[in-house]
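With the hints as constraints, model all of the structure from the sequences given.
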Amino acid sequence: MTDDPPFNPALLPAGFVDRLPPEAEAEAAGVETLMRVFAAHGYDRVTPPLLEFEETLLSGSGAAVADQTFRLMDPDTRRMMALRPDMTPQIARIAATRLPDVPRPLRLAYAGPCVLMAANRGDGDRQISQAGVELIGPDRPEADAEIIAIAAECLATLRVQGVSFDLTMPALTTALLDAGGFDGHVRGTLMRALDRKDAAAVARHGGALADVLIRLLHAAGPAHGALAELAAVDLPPQARALSVRLAATVAAIEARVPGIRLTVDPVEFRGWQYHTGVCVSVYAAGQREELGRGGRYLSNDDEPACGLTLRPDIILRAAPPLPSRTRVFVPWGTATEVGAALRAAGYATVSALGHDGDARAQAALLSCPLVVVDGKPVPVDEA
0 MTDDPPFNPA LLPAGFVDRL PPEAEAEAAG VETLMRVFAA HGYDRVTPPL
50 LEFEETLLSG SGAAVADQTF RLMDPDTRRM MALRPDMTPQ IARIAATRLP
100 DVPRPLRLAY AGPCVLMAAN RGDGDRQISQ AGVELIGPDR PEADAEIIAI
150 AAECLATLRV QGVSFDLTMP ALTTALLDAG GFDGHVRGTL MRALDRKDAA
200 AVARHGGALA DVLIRLLHAA GPAHGALAEL AAVDLPPQAR ALSVRLAATV
250 AAIEARVPGI RLTVDPVEFR GWQYHTGVCV SVYAAGQREE LGRGGRYLSN
300 DDEPACGLTL RPDIILRAAP PLPSRTRVFV PWGTATEVGA ALRAAGYATV
350 SALGHDGDAR AQAALLSCPL VVVDGKPVPV DEA
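Using numbering that gives the first Met the number 0, you'd call the opening residue of the sequence shown number 0 and step up by one each time.
Among the hints, erroneous ones may be present.
Per label pair, the in silico range of CB-to-CB distance [said to hold, decoys possible]:
| id | residue 1 | residue 2 | range |
| --- | --- | --- | --- |
| 1 | PRO104 | GLU288 | 27 to 37 Å |
| 2 | PRO322 | GLU381 | 18 to 28 Å |
| 3 | ASP373 | ARG35 | 32 to 42 Å |
| 4 | LEU49 | ARG103 | 23 to 33 Å |
| 5 | GLY258 | GLY123 | 23 to 33 Å |
| 6 | ASP373 | PHE69 | 27 to 37 Å |
| 7 | GLN237 | ARG18 | 29 to 39 Å |
Treat the hints as calculated values from the structure; they're not laboratory data. Owing to the predicted nature of the structure, the values given are computational and were not obtained by experimental measurement. Even glycine gets a Cβ: it sits at the ideal position worked out from N, Cα and C.
So this is what it looks like as structure tokens:
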């Protein structure tokens, strides 16, 4: 005998949820809306597998997501396999191994689920949806601008309000620390201080670069103000080159999307494990979570690339509800062509499966505000 309570078949592991109506339909429609925008800009869709061999998925840029990856044994080959936590490394693999001879720039789009070992905040979803674009080949500000412009169009199409794009250049922090000769414990301490935006700790550990780092900490904000502060600071040559590239990218974005809301954080570097250039996080007013993120990185074979991955599940929480099909109850015996015409007109038809009594009562029971009467949809309360 055991005192354990009976197992609840509706119980799911932490971070995993069932998507029920109408949320599941809304998410699918949102993903397809994003994919239509991607396709309209010439991005061809690819569909990588959910599972790959561990050594393949976690090589190159995939090594940065190894600590978020579920692993399991393939019973056929006895080799370890990995469940993708992010689709970008898979796109890099496809570009290098399956499409190496396709002319560049190579534009690819994707959408699908990913699974994380742990939620980013510890209490969120571990199965997430992603939809994104990758532009492989060119290393120029105009390519970075194209990716951000497409994301802006996607969010405008879904009527998300108060969107802002937060730009950063993670390599800038690395270049500054390298120029200052920081390594070992001091480097780690200083990076944690920058991570926490702790100006007092930066002053204690920053040595000759403390004033520069503190100025850049305080420069975070609207793009033009931050760039002006960057331009006024005496930076080492490598850091100066990175700041010039950041400014060029801002100019390219604004030329392509006039009025876009851009912010810049010069020394932000958290979470950008495999990125090498300008990076971006996407936010919307009233939303604590990122709607998406991306940036410049090296694809497999060190090929320049940039991309941006959107989170449809989070976007749809920030967007107005998508319109859904109006349900129409079709009584038993209604001509087949009536239902076909209604579906062609955008309705969802729910057909009776037999003589089940009052059609109006059946329509109300099945959440149909309309019912077919004399071949036409009419409100249930008027039938």
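Looking back at the hints listed earlier, which ones does the structure fail to meet? 6, 7
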